[in-house]
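A.B. asks: Dock chain one against chain two, each of which comes alone in its own frame, and use the hints as you go.
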Amino acid sequence: MNHYAKLTRITYIALLALALAAPLLGLYPVFVMKLLCFALFACAFNLLLGFTGLLSFGHAAFFGFAAYITGWGIKSQGWTPEIGILGGAIVAALLGLLVGLVAIRRQGIYFAMITLAMAQMVYFICLQASFTGGEDGLQGVPRGNLFGVLPLASDTTMYYVVVAVFVACFLGISRIVHSPFGQVLKMIRENEPRAISLGYEVDRYKLLAFVLSAGLAGLAGSLKTLVMGFATLSDVHWSMSGEVILMSLLGGVGTFFGPVFGAGIVISLQNLLADKVGAWVTVIIGAIFVVCVLAFRKGVVGELQAYLERRRAAKA
Amino acid sequence: MEIFGIPHQAFMGQLLLGLVNGAFYAMLSLGLAVIFGLLDIVNFAHGALYMLGAFSAWIMLDKWGVNYWFALILAPLVVGALGVIIERLFLKHLYGLDPLYGLLLTFGLSLILEGVFREQYGVSGQNYPVPELLSGATNLGFMVLPNYRAWVVVASLVVCLGTWFLIERTRLGAYLRAGTENAKLVQAFGVNVPLMVMLTYGAGAALAGLAGVLAAPIIQVTPLMGSNLIIVVFAVVVIGGMGSILGSVITGLGLGVVEGLTRVFYPEASSVVVFVVMVIVLILRPAGLFGKEA
Numbered sequence: 124m125n126h127y128a129k130l131t132r133i134t135y136i137a138l139l140a141l142a143l144a145a146p147l148l149g150l151y152p153v154f155v156m157k158l159l160c161f162a163l164f165a166c167a168f169n170l171l172l173g174f175t176g177l178l179s180f181g182h183a184a185f186f187g188f189a190a191y192i193t194g195w196g197i198k199s200q201g202w203t204p205e206i207g208i209l210g211g212a213i214v215a216a217l218l219g220l221l222v223g224l225v226a227i228r229r230q231g232i233y234f235a236m237i238t239l240a241m242a243q244m245v246y247f248i249c250l251q252a253s254f255t256g257g258e259d260g261l262q263g264v265p266r267g268n269l270f271g272v273l274p275l276a277s278d279t280t281m282y283y284v285v286v287a288v289f290v291a292c293f294l295g296i297s298r299i300v301h302s303p304f305g306q307v308l309k310m311i312r313e314n315e316p317r318a319i320s321l322g323y324e325v326d327r328y329k330l331l332a333f334v335l336s337a338g339l340a341g342l343a344g345s346l347k348t349l350v351m352g353f354a355t356l357s358d359v360h361w362s363m364s365g366e367v368i369l370m371s372l373l374g375g376v377g378t379f380f381g382p383v384f385g386a387g388i389v390i391s392l393q394n395l396l397a398d399k400v401g402a403w404v405t406v407i408i409g410a411i412f413v414v415c416v417l418a419f420r421k422g423v424v425g426e427l428q429a430y431l432e433r434r435r436a437a438k439a
Numbered sequence: 100m101e102i103f104g105i106p107h108q109a110f111m112g113q114l115l116l117g118l119v120n121g122a123f124y125a126m127l128s129l130g131l132a133v134i135f136g137l138l139d140i141v142n143f144a145h146g147a148l149y150m151l152g153a154f155s156a157w158i159m160l161d162k163w164g165v166n167y168w169f170a171l172i173l174a175p176l177v178v179g180a181l182g183v184i185i186e187r188l189f190l191k192h193l194y195g196l197d198p199l200y201g202l203l204l205t206f207g208l209s210l211i212l213e214g215v216f217r218e219q220y221g222v223s224g225q226n227y228p229v230p231e232l233l234s235g236a237t238n239l240g241f242m243v244l245p246n247y248r249a250w251v252v253v254a255s256l257v258v259c260l261g262t263w264f265l266i267e268r269t270r271l272g273a274y275l276r277a278g279t280e281n282a283k284l285v286q287a288f289g290v291n292v293p294l295m296v297m298l299t300y301g302a303g304a305a306l307a308g309l310a311g312v313l314a315a316p317i318i319q320v321t322p323l324m325g326s327n328l329i330i331v332v333f334a335v336v337v338i339g340g341m342g343s344i345l346g347s348v349i350t351g352l353g354l355g356v357v358e359g360l361t362r363v364f365y366p367e368a369s370s371v372v373v374f375v376v377m378v379i380v381l382i383l384r385p386a387g388l389f390g391k392e393a
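Chains as they are written, first to last, in this note's numbering: chain D, 124 to 439; chain U, 100 to 393.
Next comes chain U alone, as it looks inside the complex (with noise of 0.2 Å):
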């Protein structure tokens, strides 16, 4: 069977492809807007946490033989603490100032851990296998379905709406969204804003680094992974505009379904695919495609 001329099992790999790259860039985009949103800061340092998750799963593994499962909730809480850490020694000094700095001073942290990583591992990547319940694939009568993709997309979607919903359904979520708008307001009436903040790029770090520990088994884990990706999010971010939370998350999945079907179609144009529709949004829909102008 052959759709378009392409061969139907390849036209189908490259979609789930693109599905676990949306996947991606669904989970990191959402953490860059829930920043964003409470911090005024647009976190260059996002890649590197996300790499940080896949090397923590890593080094767990390879040094003290934990298993995928407990990497999934033991790495993110790592990053997540950094991340605390990250806000409370640097960040917080910045709340005020043009946003720009905040960029300027996530980028120079995203350096050092980039930098430490690559003297200590080098460049080239590290193995991570994939766990054994989900190693193998499924034959779904159209198509073979390798169950540890089916398994990120799941997983990553999960995490997503719960975070829509922790945000948009929750009296937690409701501070937040009060603090987003208002945080002087919201801290008159006796909310812990610092507190909230902190806990908020700690959140936001930990999600990076449990996308970084679900992509560890499909890519190789390099210390240059992080910057790549954080690059194509950012373009992400100016297609869907960082107001909405499900805005990120469909325009997260969507976009990597674009790029899987150029793989296949067109293949050369695959890297730049993005930013061609980033473009092509910013001269047809200057905020976004679910962003509301500033």
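With the rest of the complex left out, here is chain D (with noise of 0.2 Å):
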């Protein structure tokens, strides 16, 4: 254990570290700050899907639309950069409190088809409202000064920003999943009927997960509102909600760093070919779901773990 947990921490520290010194290493930083808020988006997902066991196929309804509600607040309301993300953090928490009282009413594959059901309906008052700026979405959102004091509308700066946000939040979810609630969601992961039998009221922990999931996946995408200057209507629809489900399942669901790795791997081949290859990213990114869930159900991080703990028992 000992051995492991020490090799879990040198690859954080490094990864910190080359996170931190990334705009000296000339990564391209907006494209470093996009991976980041798909990452915590993905991070969020993996909160209900790894360790409450719900699969929800709604989750662009909580990035979008706080996403959009951030875009607004900054544009025509005159909103602090922090109160935006703020603002559409809790938007999209309580959007999810909505949500989720639905949805937890019926269990498993009914589950994911309720969510998706009702972030279409998301997806439909978005564009039709007014406020969303219909097809054309949000564009041209200022970054502003965060406090009143610090101007983001240098790169640089609103890159470390982003790592810091990512960071807390990061550490906020992992301590989510080590305290003793997150042990409750665990075991209703493992055995819904048995937490019952314990006296859990399930329903109270699932909805609250699920509130906290759509309220990070919600600043996830109020933060890339932020850092892109821009929300559209792609932010919303449900072919999102399968590529933070893709990079859940790529990375390793129920891990920690398998999501932030996924979303590494779909955002940097999206990029690396959008331009190049055209429809095929949607073939490309289709294939690879059929191949994780064929191949390797653990995901990269997590069949890395497996391979690591069975090399561990093999030397005991």
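Derived from the structure by calculation, the hints contain no laboratory data. Honestly, I wouldn't trust all of these hints.
[To be verified] For each label pair, taking beta carbons as the anchor points, the in silico distance ranges come out as:
1. D/ARG433 x U/GLN286: 31 to 41 Å
2. D/LYS129 x U/ASP197: 44 to 54 Å
3. U/PRO293 x D/GLN306: 33 to 43 Å
[Unchecked claim] To give a feel for the contact side, a few chain U residues facing chain D, derived at Cβ under 7 Å:
4. TYR200
5. VAL371
6. LEU381
[Unchecked claim] Computed footprint of chain D on chain U, listed as stretches where at least three residues anywhere in the stretch have a Cβ under 8 Å from a Cβ of chain D:
7. 165-173
8. 201-209
9. 215-228
10. 328-342
Just so you know, even glycine gets a beta-carbon here, dropped at the ideal spot from N, CA and C.
C.D. replies: Dropping the structure here:
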């Protein structure tokens, strides 16, 4: 165990150092920021799928709706960036409460279908509402000054803010999972009837997990609006819900670092291929889905962990 | 003549359009229910297979001049054959796993199918002409009925009732229902269950393909026509519950009509009304209108 924990810690420290040094190494900061936003989105999603066992097929609703709220607030209500992000996250959490209340009435496969349908409803609302800018979306959202003093227009400043938010949320999620509350969530994932028979109010735990996950997904969406300066319909589209599932699945559902890794792969892939292969990107994404489900359901990080465990067991 | 202040012709027109949409909901949710019953897989690719049916018909006409009536038979066969291949290549590895994996795999498959067609044909729609025999409209006195739409409603009702009869009233259907209850036991009695499963998925796929051919002359044939529909069909399935075949048919038609009426009275809400109904049903009767609580 010690050896393993040490390895994990060294990996994290190295990655953090890499993240902090990225702008000096010549990595394009906007790309890394986008990657971190999606990594946060995937971590939020994984809190629900990986640690509570609920597959939401509608997380784009929270991500995208929060992105719109932030864009609208900053652009037409004169919100500061911190209020914009907080506002987006809170609205997403409230939306999560509404969706969650309905969706947890059914289990398993129905839960997935209900969240997908409700997210589609949010999509149509965003398509028709006036504050979202319809087909055009919201463009040219200014970054403004953080707390009124720190101008975010510079990519480097913005970058370190994004890194700080990401690290804080990552640690927060890890804290949630390791708390007694997180242990109950794991129990629900492993054996729901057992949890009920032990007297836990399972629905309340599921709902809270759903709201937390929705709020964090919203935070990721808000941050994305601030970084990229726009919020569009593709943020709320079902294909975005599919992408975040793929990120978690590819990296490793139920691992801490898996979703980050998965987000890195998917976003890099899209970046590399977007202007070269056109619609084939969708085909490639679909193919990765199929391969993941058939060949390695634990994901890259999950398989690696399993391999290390096996090797340790063989040594002992 | 007016009904609630809406011109009579417009009202009947939307009602008919609602019935047509409802017929598609019914056919697709029926296929989903049959597949889910035996395979324990929620077939996300159902929308893509529906799209494939419409495209096969269009390609057959465009490339080889195969007319509508032949396409009505050939396209479902093509889609059904693809369904068999999908089952053999992919789905068969997932039996016994959490049904969520089936949903994810078929989601991936539908992305692949959709992407390929988008690459080939772009997102703009292709027009499929209404077959000559069914073009035009009949004046019924109280409304003008477009012949093709009437045909779609009648044809899909016949298909749905035929499926119901096959499953509930024949020997083959009895094997199928037994397989749904306990596949191992049925296999022990000497029924070739893997073959049955394969053909069931193929038949479900063919049903989706048939719906696609029926839809082709009414809507634009586009690569995205399936994914937009499948999400609504999921809501229909949640509302109706996947337990009963006649239940899914009634729910599908009913929701189509509700949608049509909403388009008359409050058009802004017509795209979300099915989802709103779903929320209400989940609050009042979580198992669905015709469902049994698992």
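A.B. asks: Taking each numbered hint in turn, which are not upheld by the structure, reported in ascending numerical order?
C.D. replies: 2, 7
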